[in-house]
Amino acid sequence: AQKVTQAQTEISVVEKEDVTLDCVYETRDTTYYLFWYKQPPSGELVFLIRRNSFDEQNEISGRYSWNFQKSTSSFNFTITASQVVDSAVYFCALRGYNTDKLIFGTGTRLQVFP
Amino acid sequence: GAVVSQHPSWVICKSGTSVKIECRSLDFQATTMFWYRQFPKQSLMLMATSNEGSKATYEQGVEKDKFLINHASLTLSTLTVTSAHPEDSSFYICSALDANYGYTFGSGTRLTVV
Chain A
1 AQKVTQAQTE ISVVEKEDVT LDCVYETRDT TYYLFWYKQP PSGELVFLIR
51 RNSFDEQNEI SGRYSWNFQK STSSFNFTIT ASQVVDSAVY FCALRGYNTD
101 KLIFGTGTRL QVFP
Chain B
1 GAVVSQHPSW VICKSGTSVK IECRSLDFQA TTMFWYRQFP KQSLMLMATS
51 NEGSKATYEQ GVEKDKFLIN HASLTLSTLT VTSAHPEDSS FYICSALDAN
101 YGYTFGSGTR LTVV
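Protein sequence lines, in the order shown, are assigned to chains A and B. 1 is the number of the first residue of the first sequence in our numbering; add one for each residue after it. 1 is the number of the first residue of the second sequence in our numbering; add one for each residue after it.
Next up, chain A with everything else stripped away, as it sits in the complex (with noise of 0.2 Å):
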């Protein structure tokens, strides 16, 4: 069974404060692909990134990162200097290899205050 946790129901942070955000998954394939997910309170789902399981190299993106440890199947993602503009909802999710089913976490709602 595939399965993701994202045991932060709601992290409430102060502007330039650094926050990460925690994700687990769980899967039996040695193949599968995670993903983040910005969901702003319009409600459209932003794309942040996606990471296959062969690549363990943390990736950064200007104020994002993200760590990937297998060891731990974890997949946590970090905003640096955290902006009002942050205030989201952040969906972790993962695919496996056979399936085109992405499986979402229940969601980190991120509130950044001025």
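Treat each hint with caution, since some may be false.
[What the hints assert, rightly or not] Below, a list of computed lysine to aspartate or glutamate pairs in the DMTMM-like style, where the Cα atoms sit at most 20 Å apart:
1. B/Lys41 - A/Asp100
2. B/Lys20 - A/Glu44
3. A/Lys38 - A/Asp86
4. B/Lys14 - B/Asp65
5. A/Lys101 - B/Asp98
6. A/Lys101 - B/Glu63
7. B/Lys41 - A/Glu10
8. A/Lys101 - B/Glu52
9. B/Lys41 - A/Asp86
Rather than coming from a laboratory, the hints here were simulated on the basis of the structure. Bear in mind that the values here come from a model prediction, so they are computed numbers and not experimental data.
Let chain A serve as the given structure and place chain B on it in line with the hints.
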């Protein structure tokens, strides 16, 4: 980049009526479309997967006679909520899968049944 146009953005209907939601891939051909349902402050739950020209595959617990999915062309998939009831009120999101662009999500439809 890839765009999926989802309409309507929101709809209010009377109990017992049917509502059709459309998703169009604007600049690519989507061989596979996914339909999700999202309750307030909850995750995206996959309802069904549709492939162009064939019957949709529904997830366990989703009534196929209530949620009719048609994927008649490579650029259009529709979800019809038949005989809608207040408990069908939710946020519905489609997603198109393409080999080049990966998953592209529509902007969602907020359905309210009164």
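Verification of the hints:
1. A hinted pair counts as satisfied when its Cα atoms are at most 20 Å apart, and B/Lys41 with A/Asp100 does not qualify at roughly 25 Å.
2. This hinted pair checks out: B/Lys20 and A/Glu44 have alpha carbons roughly 19 Å apart, not beyond 20 Å.
3. Distance check on the hinted pair: A/Lys38 and A/Asp86 sit about 9 Å apart at the alpha-carbon level, within 20 Å; holds.
4. A C-alpha spacing of about 19 Å is found between B/Lys14 and B/Asp65, which places the hinted pair at or below 20 Å, so the restraint holds.
5. Taking the CA atoms of A/Lys101 and B/Asp98, the gap is near 13 Å; set against the 20 Å cutoff, the hint holds.
6. Of the pairs offered as hints, the one joining A/Lys101 and B/Glu63 holds, with about 19 Å between alpha carbons and a cut-off of 20 Å not exceeded.
7. Between B/Lys41 and A/Glu10, the direct Cα distance comes to roughly 10 Å. Compliance with the 20 Å bound is thereby established for this hinted pair.
8. Of the pairs offered as hints, the one joining A/Lys101 and B/Glu52 holds, with about 16 Å between alpha carbons and a cut-off of 20 Å not exceeded.
9. With a C-alpha separation of about 17 Å, the suggested pairing of B/Lys41 with A/Asp86 holds against the 20 Å cut-off.
Hint compliance for this structure: hint 1 is the single one not met.
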